[in-house]
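Let chain A serve as the given structure and place chain W on it in line with the hints.
Which chain is which? The protein sequence lines are A and W, in order. Read in my numbering, the first sequence has 77 at position 77, and its numbers run on one by one without any break. Read in my numbering, the second sequence has 242 at position 242, and its numbers run on one by one without any break.
It cannot be assumed that every hint is accurate.
Because identical chains share one entry, a pair is satisfied inside a single copy or across any pair of copies.
With a straight-line Cα cutoff of 27 Å, these simulated DSSO-like cross-link-like pairs (lysine-lysine) come out [said to hold, decoys possible]:
{"id": "1", "residue 1": "Lys-395", "residue 2": "Lys-267"}
{"id": "2", "residue 1": "Lys-395", "residue 2": "Lys-157"}
{"id": "3", "residue 1": "Lys-267", "residue 2": "Lys-144"}
{"id": "4", "residue 1": "Lys-315", "residue 2": "Lys-233"}
{"id": "5", "residue 1": "Lys-2", "residue 2": "Lys-233"}
{"id": "6", "residue 1": "Lys-209", "residue 2": "Lys-233"}
{"id": "7", "residue 1": "Lys-122", "residue 2": "Lys-244"}
{"id": "8", "residue 1": "Lys-383", "residue 2": "Lys-97"}
{"id": "9", "residue 1": "Lys-364", "residue 2": "Lys-233"}
{"id": "10", "residue 1": "Lys-243", "residue 2": "Lys-383"}
Calculated directly from the structure, the hints in this document are not laboratory data. This one's a predicted model, so the numbers in the text were calculated from it and none came from an experiment.
There are 2 protein chains.
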Amino acid sequence: MKVELISIGDELLIGQTINTNASWLGQELALRGAKVTHCAVIMDTEVAIVEALDIALSRADVVIITGGLGPTKDDITKITLTKYFGTELEIDADVLKHVTSFFQSRGREMLEVNIQQAALPKSALVLNNALGTAPGMLFDIDGKTVMSVPGVPYEMKHVMSTSGFDYITDKYPTTDLFHRTIHLQGIGESFIADRISDIESGLLSNNIKLAYLPSPGIVRLRFTCQPNNQEEKLIDEAIEEVKKRLPKYYFSENEGDLSQVVGTILKRKSSFLGTVESCSGGQIANEIVRVSGSSDYFKGSLVSYSNELKVNLVKVTPSAINDFGAVSEEVVTQMAVNGRTILNVDYCISTSGVAGPTGGSPEKPVGTIWICVAGPNEVITKKCTFGEDRARNIKMTALTGLNMLRRMLLEINN
Amino acid sequence: MKVELISIGDELLIGQTINTNASWLGQELALRGAKVTHCAVIMDTEVAIVEALDIALSRADVVIITGGLGPTKDDITKITLTKYFGTELEIDADVLKHVTSFFQSRGREMLEVNIQQAALPKSALVLNNALGTAPGMLFDIDGKTVMSVPGVPYEMKHVMSTSGFDYITDKYPTTDLFHRTIHLQGIGESFIADRISDIESGLLSNNIKLAYLPSPGIVRLRFTCQPNNQEEKLIDEAIEEVKKRLPKYYFSENEGDLSQVVGTILKRKSSFLGTVESCSGGQIANEIVRVSGSSDYFKGSLVSYSNELKVNLVKVTPSAINDFGAVSEEVVTQMAVNGRTILNVDYCISTSGVAGPTGGSPEKPVGTIWICVAGPNEVITKKCTFGEDRARNIKMTALTGLNMLRRMLLEINN
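Isolated chain A, as found in the complex (with noise of 0.2 Å):
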């Protein structure tokens, strides 16, 4: 089965936009054994979309068309669709249903626009958006699937997880690709490959593939082979042999978030974390809320993020300040030391650093940060030397305290 995508937007285009639509639905459509093999990006004009989607259908099985949706006049992928497909629009009732409830249940007014939100071309099915007042499109021609989803990202996805990519795989079976995907926090991608070359080589040699995907201070190993029981076991055992080998730096499979890993633990051990948080500025506590059910074993945060704030809040002592200055292992040792208390946890992350780009100095360049966290039975902590990103720095400080964390609720010392 072929799949070809066509995003709408001349933000695209001119680069407002990054296109991680595609991206996305890419990587989903690969793990249900769908291949994309072509992407066309698109100005919002009745005469790409036409050339598009014909040059699109002359080749492949399933369209998928992203953007061009919302209720201005700068969107006319309907319009456009429907002439395409010589029907004509119509008010869908449940669709109006639930447009009406959108507007009521957030107190707002609907306008004459967003009625016309439920007006649908007649020939298509209608894929239903519970996040938004556009709702997707599907139209079956001649065996082959043309699909139309909202542009922005969340309710594209929503729709997609929901109804579109089901109809693609029950309309066309495909065998679906045997996958496992595990991450790694804290080793870069060159580091890993060195470690388990052997292990790779493996693979290979049985034609199972292994992708690496970084992101900051994340790399994820994904492996894939044709569904086949002694293949799949060849991965199950790779994996066991990689998580046995870097057991500092894995930490889950899927799709799990580190903070979500992390809080399946506290959970359980009935434990309860507090963050203290100058360089970071309340990522960690951040990452933690962004988990549903987190209040569980998440008290709360001291972002202290003014020196003024570390002595009167936290009770970091002046001296220390003086002494070693506010980033240094001993004002982020009280800092989580103090926090265990004044926030009555168990487990206490504490940070401080120069997260740039300004504030560098010779001995503490740019990049330059301490972490610690402090538990009812140890104290540990780590000097990082990041870039020169700030929000590269942020994003792996946060990343970096909680796999100290996990690795003191585990017990992993290497």
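Below, chain W alone, put in the same frame as chain A:
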């Protein structure tokens, strides 16, 4: 002048790599008055390259191809282009010298495949690549230009910046498009469209394009026209009118974040900010700290996620929590007012709500969020009714809180 992009690589189609090259090229070309009118992401096969090139050359003046220039077997762009343009490969002495010194200076052995990187199509102009071993190539055919550059982002940027862009703008005198982009917070695109429909109609009848670019909590409006004093003036006037009609929502032009806008005002006023966050879990602090130099106006935060910390740290009265619940105007007001004192700041933003997906009740469904801003002269509160999605609720809470603060700082009441 029309430019089309062809991005080559299976890794882009299966979503292992996000196509940031295309968005960078789109931005840079727009700045130079050239418009990217189409981008095709294709597989690295000869058939796909030839087909994409045929189509692109039938429409565009300039085609920029990225990727597929590496030394390994799966990189076939160079050989395909050599065939396509009926020429042949020949070692380029200057490029060979560069490749040789590239390996020598890194103390690495040079392989036959690396020597072959200096073999280039006879009819092509070489675009030097000081940062790597694969140079760019430029073919000039019947007034049209085909450029092939490496896919590695920093090499591609280097080749384009040092020679590619100059070649294009020298050959095709461009007229820069005029465009302005403004940002609004707290109002959906359909409501903006409704409030400015007369302005929009006036622009459309003058060939001025207005695009709505929504993301959670923020809508960007992009106005574009051909360079022309009269039309540019119409855009300037339209933007002034939008700002006058929607001062509550308009917060910046170009790519300014709301946290940056608020930071600039605080700094100008020599005022200090803190936050006391429950449901937003440090997200507001995080947004503020992402801005470099935020220590000039941001002291820190209390993330009082648990009721225990709301009482013990933030000094919320237990009776307020018992009588009204943690998600209430009373509690959120005490949080912000007490936060001003505890954090010793002029302004304090506080949040308390049901981020979801669990924890909702008939009176306080998921998405019910109270936000308060306390300043030296006034205290304002707002009850928000967002949706079901936890991450989105947290993001919207942060943006709404920052915009409430902005309005208080600028004394905008409607």
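Verification of the hints:
1. Proximity of Lys-395 to Lys-267 under the C-alpha cut-off of 27 Å is found in both arrangements, the shortest distances being 24 Å within a copy and 26 Å between copies.
2. Both within a single protomer and between protomers do Lys-395 and Lys-157 lie at most 27 Å apart by alpha-carbon distance, with minima of 24 Å and 18 Å respectively.
3. Proximity of Lys-267 and Lys-144 under a CA criterion of 27 Å is satisfied in neither setting, with 49 Å inside one chain copy and 59 Å between copies.
4. In this assembly of identical chains, the alpha carbons of Lys-315 and Lys-233 never lie at most 27 Å apart, being 54 Å within a copy and 57 Å across copies at closest.
5. Within a single copy, Lys-2 and Lys-233 get their C-alpha atoms as close as 26 Å, which meets the 27 Å cut-off; across copies the closest is 48 Å, which misses it.
6. In this homomeric assembly, Lys-209 and Lys-233 come within 27 Å of each other (Cα to Cα) only inside a single copy, at 14 Å, whereas the closest approach across copies is 57 Å.
7. In this assembly of identical chains, Lys-122 and Lys-244 lie within 27 Å of each other by CA distance neither inside one copy nor across copies; the values are 57 Å within and 42 Å between.
8. In this assembly of identical chains, the alpha carbons of Lys-383 and Lys-97 lie at most 27 Å apart only when taken from different copies (25 Å versus 57 Å within one copy).
9. Taking CA atoms no more than 27 Å apart as the test, Lys-364 paired with Lys-233 passes in neither setting, with 48 Å inside one copy and 49 Å between copies.
10. For the identical chains of this complex, Lys-243 and Lys-383 are intra-copy neighbours only, at 25 Å inside a copy versus 47 Å across copies, given an alpha-carbon limit of 27 Å.
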